[in-house]
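Student: Sequence:
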Amino acid sequence: EVIKGNELTGQTGVTLSSLKPGGLARIGKKRMDVVTQGEYIDAGETVRVVEVRGMQVIVRKEIPPV
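Residue numbering for the sequence shown follows my numbering, beginning at 1285 and increasing consecutively.
Calculated from the structure, these hints are not laboratory results. Quick caveat: nothing in here was measured; it's all calculated off a predicted structure. Check each hint, because a few of them may be wrong.
As the list claims (entries may be wrong) - Straight-line distance between alpha carbons at most 25 Å, and here's what the computed SDA-like set of lysine to any residue pairs gives:
#1 K1314 / S1301
#2 K1314 / A1327
#3 K1314 / V1350
#4 K1313 / M1339
#5 K1304 / K1314
#6 K1304 / D1326
#7 K1313 / E1291
#8 K1304 / G1294
#9 K1313 / V1334
#10 K1313 / G1328
#11 K1314 / G1328
#12 K1314 / L1300
#13 K1304 / D1317
#14 K1304 / E1346
#15 K1304 / G1338
#16 K1304 / Q1321
#17 K1304 / P1348
#18 K1345 / L1308
#19 K1345 / D1317
#20 K1313 / Q1295
#21 K1345 / V1298
#22 K1314 / M1339
#23 K1313 / G1294
Starting from the given sequences, assemble the full structure and let the hints guide the process.
Tutor: Below you can see the structure in the form of C-alpha cells.
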C-alpha cells in the first residue's frame, strides 16, 4: 500500500526505536523509517510528521498541551 506524503503530514505516531536522528516509528498502523530534523528522540515518545520529502518521513517530538 502506497501512502502519499500529504496523507502522512500532521499525523502522530510513537517511536519504536531511538531516533538518532533516524529510526523506526509507528504512524497510524504503519511501521516506517523516519528521521528527525537533527534532534535525538527516545523510543516510546510521541512524534508528529512535519514533512515528507520523497521517501523521507520527517518527524518532531510532540509536546503535549499544558
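Student: Would you mind marking each hint as holding or not holding in the structure?
Tutor: Tested hints:
Restraint check: the Cα-Cα separation between K1314 and S1301 comes to about 14 Å, which is no more than 25 Å; the hinted pair holds. The straight-line distance between the Cα atoms of K1314 and A1327 is roughly 16 Å, inside the 25 Å bound, and the hint therefore holds. With a C-alpha separation of about 29 Å, the suggested pair K1314 and V1350 falls outside the 25 Å cut-off, and the hint is violated. About 18 Å separates the Cα atoms of K1313 and M1339, which keeps this hinted pair within 25 Å; it holds.
Between the alpha carbons of K1304 and K1314 the distance comes to roughly 20 Å, so the proposed pair stays at or under 25 Å and holds. Of the supplied pair hints, the one linking K1304 and D1326 holds, its CA atoms being roughly 9 Å apart against a limit of 25 Å. For the given pair, K1313 sits about 13 Å from E1291 by alpha-carbon distance, which is consistent with the 25 Å threshold. Proximity of K1304 to G1294 is assessed by CA-CA distance (about 21 Å); at most 25 Å being required, the pair is judged to hold.
Distance hint between K1313 and V1334 is fulfilled; the C-alpha atoms sit about 18 Å from each other, no more than 25 Å. This hinted pair checks out: K1313 and G1328 have alpha carbons roughly 15 Å apart, not beyond 25 Å. Distance hint between K1314 and G1328 is fulfilled; the C-alpha atoms sit about 15 Å from each other, no more than 25 Å. For the hint linking K1314 to L1300, the alpha-carbon distance of about 11 Å falls within 25 Å, and the restraint holds.
The straight-line distance between the Cα atoms of K1304 and D1317 is roughly 12 Å, inside the 25 Å bound, and the hint therefore holds. This hinted pair checks out: K1304 and E1346 have alpha carbons roughly 16 Å apart, not beyond 25 Å. Taking the CA atoms of K1304 and G1338, the gap is near 20 Å; set against the 25 Å cutoff, the hint holds. Pair hint K1304 plus Q1321 holds up; C-alpha atoms about 10 Å apart against a cutoff of 25 Å.
A hinted pair counts as satisfied when its Cα atoms are at most 25 Å apart, and K1304 with P1348 qualifies at roughly 22 Å. A hinted pair counts as satisfied when its Cα atoms are at most 25 Å apart, and K1345 with L1308 qualifies at roughly 13 Å. A C-alpha spacing of about 15 Å is found between K1345 and D1317, which places the hinted pair at or below 25 Å, so the restraint holds. At most 25 Å may separate the alpha-carbon atoms for a hinted pair to count; K1313 and Q1295 meet this at roughly 11 Å.
A C-alpha spacing of about 9 Å is found between K1345 and V1298, which places the hinted pair at or below 25 Å, so the restraint holds. For the given pair, K1314 sits about 14 Å from M1339 by alpha-carbon distance, which is consistent with the 25 Å threshold. This hinted pair checks out: K1313 and G1294 have alpha carbons roughly 15 Å apart, not beyond 25 Å.
Checked against the numbered hints given earlier, the structure breaks only hint 3 and satisfies all the rest.
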